[in-house]
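Residue numbers for the sequence shown follow the numbering used here, so the first one is 1 and each next one is one higher.
Honestly, the hints are just simulated from the structure, not real lab data. Here a beta-carbon is modelled for each residue, glycine too, at the ideal position from N, C-alpha and C. Hints should not be assumed to be uniformly reliable.
[Said to hold, decoys possible] Derived CB-CB ranges, DEER-like:
1) Ile34 to Val2: 21 to 29 Å
2) Ser73 to Tyr37: 49 to 57 Å
3) Leu15 to Tyr76: 25 to 33 Å
4) Arg16 to Ile98: 46 to 54 Å
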Amino acid sequence: AVSPALRSYNISGRLRLFELIQKVKTINYKRLKIAKYFSAKSYNHLELINNPNLELDYIVAKPRMSTYIDYSSKIYSIYLKYFDPKDIHIYSIDEVFIDLTPYIKHYKLS
Numbered sequence: 001a002v003s004p005a006l007r008s009y010n011i012s013g014r015l016r017l018f019e020l021i022q023k024v025k026t027i028n029y030k031r032l033k034i035a036k037y038f039s040a041k042s043y044n045h046l047e048l049i050n051n052p053n054l055e056l057d058y059i060v061a062k063p064r065m066s067t068y069i070d071y072s073s074k075i076y077s078i079y080l081k082y083f084d085p086k087d088i089h090i091y092s093i094d095e096v097f098i099d100l101t102p103y104i105k106h107y108k109l110s
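Please put together the full structure from these sequences, using the hints given.
Structure follows, in structure tokens:
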């Protein structure tokens with residue numbers, strides 16, 4: 001995920017870490033031309049907007065894929081309490097499509 005501060009500089013969430021490092025260096029070089037010096041670092045979008053003397057920073061979060069998979073499985077088991085597996089299409093680890101058509105009357109929905 002990319003913070004609002006990074007997004008405001010057109011940095012997408014699909015780049016590699018080395019690309020992020022280079023882009024942030026370039027951004028901070030430009031910020032430094034305006035500010036003349038940095039007094040601190042920040043990854044907070046509003047702080048960066050309001051204080052040109054802040055150096056753009058970021059947090060690199062360690063991936064926890066096994067935890068993510070565990071939660072995905074738990075959530076899927078909740079779906080199975082209410083929907084038949086044939087009505088659930090797994091799109092990705094954190095997205096599903098569920099055909100609700102057969103359940104509208106059962107759950108008294110309109």
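query: Which hints from the list above does the structure break, by number from lowest to highest?
result: 4
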